[in-house]
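A.B. asks: Spelled out, the chains give:
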Amino acid sequence: MKPTLKIGSTGAFGRFRNSNFAQAWLILVLALIFGSALAAVQVNLSGVIAANKLNETLERIPELIWGTAKAAKLASENASVDITPGTVMIKKDHKTAYYSLFRVIHESKLAGWVIKAGGQGYADKIEILIGLDPGENIITGLFVLEQKETPGLGNKIIFPVWRNQFIRKKTNTPLVVAKGNIQAPNAIDAVTGATISSRSVTGIVNRTIGDVKGRLTPETIRFYERQL
Amino acid sequence: MTDLPTPFERFIQGILPENPVYRQLLGLCPTLAVTNGLKPALTMAAAVGVVLLSANIIISLIRHLLKPHLRIVVFTLTIATFVTIVDRLLAAYMYQMSKTLGPYIPLIIVNCIIICRCEVCASRQNILAASADAVGQAIGFGLALTGIAVIREVLGTGMIAGFQIMPAAWPSWVIMVLPPGAFLTFGLLLALVNWIDATRSNKKG
Amino acid sequence: MDYIFDIFLISISAALINNFVLYYFVGICPFIGVSRRVDMALGMGGAVTFVMTIAVFISWTVTTLVLMPGAPVSRWVAGYFMSAESAAGIDLTILTYIVYIFSIASSVQFVEMYVRKFYPPLYKSFGVFLPLITTNCAILFACLTVMSNIVGVENPTDAWDLGRSLALGIFGGAGFTIAIVIMAGIREELDLCDIPAPFKGAAITLIVGGILAMAFMGFNGVDIGIKALLAGAP
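Residue numbers (the working numbering), protein chains in the order written: chain A, 1 to 228; chain B, 1001 to 1205; chain C, 2001 to 2234.
Bear in mind the hints are in silico, worked out from the structure with no lab data behind them. Keep in mind it's a predicted model, so treat the numbers as computed, not measured. Wrong hints could be hidden among the right ones.
Unchecked claim - Covered stretches of chain B (in silico footprint by chain C; criterion: 3 or more residues with CB under 8 Å from a CB of chain C, positions within the stretch not fixed): (1) 1004 to 1016; (2) 1036 to 1046; (3) 1051 to 1062; (4) 1120 to 1126.
As the list claims (entries may be wrong) - Below, in silico cross-link-like pairs of lysine-lysine (DSBU-like), each with a Cα-Cα straight-line distance of 30 Å or less: (5) C:K2227 - A:K125; (6) A:K92 - C:K2227; (7) B:K1203 - A:K53; (8) A:K179 - C:K2227; (9) C:K2227 - A:K95; (10) A:K116 - B:K1067; (11) A:K169 - C:K2124; (12) C:K2227 - B:K1067; (13) A:K213 - A:K125; (14) B:K1067 - A:K156.
Unchecked claim - Under 7 Å between C-beta atoms, here's a sample of chain A residues computed to sit facing chain B: (15) L30; (16) L45; (17) V48; (18) L54; (19) T57; (20) P151; (21) G152.
Glycine included, C-beta positions come from ideal geometry on N, C-alpha and C.
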């Protein structure tokens, strides 16, 4: 049952009807319909998706600056915490690196910074959030956003019991992963059986702090408004 | 023209006799990739079900307008559109799961199950039969994924979707949630299905 | 020099460490279906590599020029219909999957015509498998990986250029070929063994695939070592 026009199939119109253009009319109509559907989806959902991506990080920021207990207290008091996202541009050795960061302001004072950093782990890329105090002298928190390390082994870097080692570590010397002997102030105990994952995270922290420390000035940072 | 199966037959066939994974050996990529946990497996099965149902319905509606040499283009266009929509919906409303499933949702476009059902069923039968076929095949696919996911997750981590099943002393067989575990589990289950099938047809004949 | 190291890392990673078949589970259907004989496997691997390279080239070009947020060509066209600022925010990524699958289908058509014209006996021996390369997950997966390294990056300078994308395409295909040829070699030997009836066919192939995947797991973490080595190099 093909739709037919009752006009002759010879001559110019006949050639048009049998041409590829006419035979593809169904595809063109479908493309139009589907294109409109996709445009509608894009208009309605892209805001939601972008918000999801941002909220994933925003939710973590209070506890990265103040620790879980005080962050919960601030949340229950509905305290106003101003979090501004931005990008910092670091120039070193003829190369430019960009880091996503968040400036946290509470009661009109700078409460700290949260930097997003990433690097290669044992299995795949690892993405972390590092919390720093206003003077960039101590680490106030660490959170692992994304990792695909070995379940049961390297996976353990996501647990607070390992991450909390980073809290109150000073940023003036690079951190070192030590197995068992964690007396030095800049030592991090490795996850049992996952030295490489532990070293990757520590390496990312060291590299980021080395890049960013002392360079968080208005000249290098570009803030953007948060779209909710 | 031979009699095409009724909607009910299509539905029943899709679940076990013509199971897309164990009998037709289609859609193996997600079967191995997302079955390291029960939740990702169920989400993937649901996503494939939604795309399959939508594509079957649309193709069945326009089946009389399909030109023979352009029908693959039409199938591909329809499937790609619905997969994009499902992918966006997942990213908007189930963000964490969308990140876990990662690139395997867009890979539904090249999942042979959907193109095969469009070709075999939707382009030849009415909407009711096409929908029944889609639902049946999706249930079959879901059963297959769930079976593998349960085994891999229980043996690999001792838990299912957060619930501890094995005693705490269970040494998690981590390899089960890694790629080799997927191959081995599926291979052994496929052998089991073949054996059950052979035994039953021996009893009959 | 850094660039060469980066390409080297991407290549080794795609071919061996994160092998498309044995780590990412893409391209399983031909892995099980076509791997009975080494010469067929080699032919299939070569065809997939060829198509993958072309498809990745087209994907990278279209994504960078048309699809990504703020892409030059779209911005220029949109500039005729709306203000310059709205045109700069134009984002066509919703069309990515449709564009990719059609570019893959076109690449396969092109390769098919080429092989039919210049290597007719090869074309005959391929039979139906050549058009089936369109539904090979590995090719779409390579294109998607390229896309996520262009559109999904925080840092605009980290976005992959054409060289890195082609490296992924060529060596991802090489990794697929390695896996499928090894499997074919093993299966040729298996033909002489006494396999229990339930295991014949796909089941034993999957189990052998599992053992192969275990072997390839040994490559895990090698890229960190190589990176450290290259970083320490003068």
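A.B. asks: Quick one, are A:K169 and C:K2124 close enough, alpha carbons at most 30 Å?
C.D. replies: violated (67 Å)
A.B. asks: Check whether three or more residues of the region 1120 to 1126 of chain B sit with their beta carbon closer than 8 Å to a beta carbon of chain C.
C.D. replies: Per the Cβ count (0), the hint is violated.
A.B. asks: Under 8 Å between beta-carbons, do enough residues of the region 1004 to 1016 of chain B, three at least, approach chain C for the coverage claim to hold?
C.D. replies: Check failed, 0 qualifying residues.
A.B. asks: Between the alpha carbons of A:K213 and A:K125, is the straight-line distance 30 Å or under?
C.D. replies: Answer holds: A:K213 to A:K125 is near 23 Å, not above 30 Å.
A.B. asks: Quick one, are B:K1067 and A:K156 close enough, alpha carbons at most 30 Å?
C.D. replies: violated (56 Å)
A.B. asks: Is A:K179 close enough to C:K2227, meaning Cα to Cα at most 30 Å?
C.D. replies: Since the Cα atoms of A:K179 and C:K2227 sit roughly 23 Å apart, the hinted pair holds (cutoff 30 Å).
A.B. asks: Next item in the hint list is A:P151. Is there a CB on chain B closer than 7 Å to its CB?
C.D. replies: holds (5 Å)
A.B. asks: Take the region 1036 to 1046 of chain B, compare each residue's beta carbon with every beta carbon of chain C, and decide whether three or more fall closer than 8 Å.
C.D. replies: violated (count 0)
A.B. asks: Need the status of pair A:K116, B:K1067: alpha-carbon distance at most 30 Å?
C.D. replies: violated (53 Å)
A.B. asks: For the restraint on A:L30, tell me whether the closest CB of chain B is nearer than 7 Å.
C.D. replies: holds (6 Å)
A.B. asks: Can we keep the A:T57 interface hint, with Cβ of chain B closer than 7 Å?
C.D. replies: Because about 12 Å separates A:T57 from the closest Cβ in chain B, which is outside the 7 Å limit, the hint is violated.
A.B. asks: Holds or violated: are the alpha carbons of C:K2227 and A:K125 at most 30 Å from each other?
C.D. replies: holds (13 Å)
Checked against the numbered hints listed earlier, the structure breaks hints 1, 2, 3, 4, 7, 10, 11, 12, 14, 18, 19; every other hint is satisfied.
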